[in-house]
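Protein chains: 2
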Amino acid sequence: MERLINWKDLKDFGKRVLIHLNVSEDDAEHVIDNLVSSNLRGIDSHGVARLQRYVSGIETGYIIPDAQPKITKESAVLANVDGQNGLGQVAGTFGMKLAIEKTRQNGIGFVTVHNSNHFGYAGYYSLMALEHDFLGITMTNAAPLVVPTFGRNALFGTNPIAVAAPTERNKAWVMDFATSVVPRGKLEVYNRLGKNLPDGWATDETGHMTNDPGRVLKNLLDQLGGGILPLGGEGETYGGHKGYGLGVWVDIFCAVLSGSNYGPAVVAKKDGKPNFPRVGHMFLALDPEYFVGSGNFKNTMDNYIELLKNSEKAEGEKRIYVHGEKEFEKQEEREKNGIPLDAKTV
Amino acid sequence: MERLINWKDLKDFGKRVLIHLNVSEDDAEHVIDNLVSSNLRGIDSHGVARLQRYVSGIETGYIIPDAQPKITKESAVLANVDGQNGLGQVAGTFGMKLAIEKTRQNGIGFVTVHNSNHFGYAGYYSLMALEHDFLGITMTNAAPLVVPTFGRNALFGTNPIAVAAPTERNKAWVMDFATSVVPRGKLEVYNRLGKNLPDGWATDETGHMTNDPGRVLKNLLDQLGGGILPLGGEGETYGGHKGYGLGVWVDIFCAVLSGSNYGPAVVAKKDGKPNFPRVGHMFLALDPEYFVGSGNFKNTMDNYIELLKNSEKAEGEKRIYVHGEKEFEKQEEREKNGIPLDAKTV
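Chains as they are written, first to last, in numbering that gives the first Met the number 0: chain A, 0 to 345; chain B, 0 to 345.
For reference, chain A alone in the conformation it holds in the complex (with noise of 0.2 Å):
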């Protein structure tokens, strides 16, 4: 039965529980933050429901939980950040805030960093550019689900791009989403249901569209083909070949120029033992203030976003979202009310 959960009690359940298995104080709040700011924005993929898998990685030896993040090349605007395979919310706040301080410094800063772990949902990081009136962007790679257009296998993983603008009027511009067309939280939602899936979305071992959930999922588990589609699904037609190129430009910022594990390296176990994953994740910071200038900015931001909102809507539709919209309308609610976590959460 689904219940629901005030947002600071969860944050305190989950801090303790990060704390007993070694996590310092500081860095439990960067993990539970992350998680459960996901739960509230309505990205439940991506909330509490992880901790689980945190706990198990620590446990079985691929997430050191007191391991703290190393800069391991530098210079005014750019920065190479070794995560010593740690929590991958630790190193991501780290990288983030790496790259604003560079910012405030210079107007731009470009963190890249290796040997991570899952950082959670990416928009989290991009958000910590808004604070300062800064542009943000950041990419993670992740474990191979996607399959290469034309191909059997998945290759790489549903590596997501999370772009945030900040305005004045208007909540912010944040765009946050993995570059196949559906996370595989999206196909276990399927396969519980017992729904088909929509045509274009995975292939099954033959390399080809399929609409079964079950059998792309268990698929996956046991590497026997096939996989989650890149955004544009099978093929070209419908620019396949574009999504798959970009879950391989998340890959080459985040992991070939970081030097971490890219394509199908990204595993938490090889050979049946323990393996660290070494994600790689990339964090840049902008400062319009060195462009047109911070108020036009924003005051440019917030027009364009009505323009959008309040233009023609298609026949039959009601409302144009901008994107951030859905999310921070959800935040506000379940602040309020609270946030439904299913049983097996609970």
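Heads up, some of the hints might be wrong.
Given that identical chains are not distinguished, each listed pair holds provided it fits within a single copy or across any two copies.
[What the hints assert, rightly or not] In silico DSBU-like pairs for lysine-lysine, Cα to Cα no more than 30 Å straight-line: (1) Lys185 x Lys312; (2) Lys325 x Lys312; (3) Lys96 x Lys72; (4) Lys96 x Lys297; (5) Lys72 x Lys297; (6) Lys185 x Lys308; (7) Lys297 x Lys268; (8) Lys96 x Lys269; (9) Lys72 x Lys10; (10) Lys72 x Lys185; (11) Lys194 x Lys72; (12) Lys268 x Lys308; (13) Lys325 x Lys7.
It should be emphasised that the hints constitute simulated quantities derived from the structure, not laboratory data.
Mind docking chain B on chain A? Use the hints.
What follows is chain B alone, placed relative to chain A:
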């Protein structure tokens, strides 16, 4: 009838046309090199067939043939450039050269350009970064052709993103595409051939999907509603909101940040009169030497490319392409055999 033209002859001819219209020899070289290179790489939609539109832009007055780009704001790693409503390739080449120069000094260069015009294919500028073993990113906004998710009207352009990464053993990795499902050129091809559009490419004046390319093109021309769908297609089921996000992202980086026109304002005609479209661009160069090291980066890129190409194919498929591969092969072939031009372009 189609004719094969030697690329050098084509360049000479185009250059003479532009010089005749008061474009300096250097600037004419930038424009023609971009157009002919597009033809060589097989992107005929952005090749010399465009020259006619540049000539008409100069003649009607929205392209100033002898305008010179001017830096309006600059730091060691950032700059904003005023294209002064000149030829897009002149401002574009200036912008990427400036980003590269900053990267030579400080590892990164991020340059925006405002008050520009159509600059040809975006990949051209990202390829410039490769000559220095840098990564290159290029974005540009464009005339409104694409509808936001649930919207009725075309509010932003096909806003392309081009990313290039250097390699050693293989051809460079070059991703270059419109953030819509397809560029307008594809609709024109289907219309000429009297073929139905695939589902999910475009919408009509109701804001919903149509298979009639002629109707979409006519509606766009007459501003009756509808247009090309963002990558991911209609609605949110296939990720159409992701393509919509990518398109707006490009507008934010190219125009909101630089102080140029964005969204539906990027038009060369207003109230029946010629209008400066004030197109905006963005150029980023990045030196991997500041991260994992240049040699290391290129070697890992090669490994990744080979992993993708050599991985198992979907049943019935013979080849997995990596981004840029098709274009490099086409270039080799066309440099040898000539560029095929249709009768109208000849």
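| query | Looking at the structure, which of the earlier hints fail to hold? | reply | The structure conflicts with hints 8, 9, 10 and 11, although it agrees with all the remaining ones.
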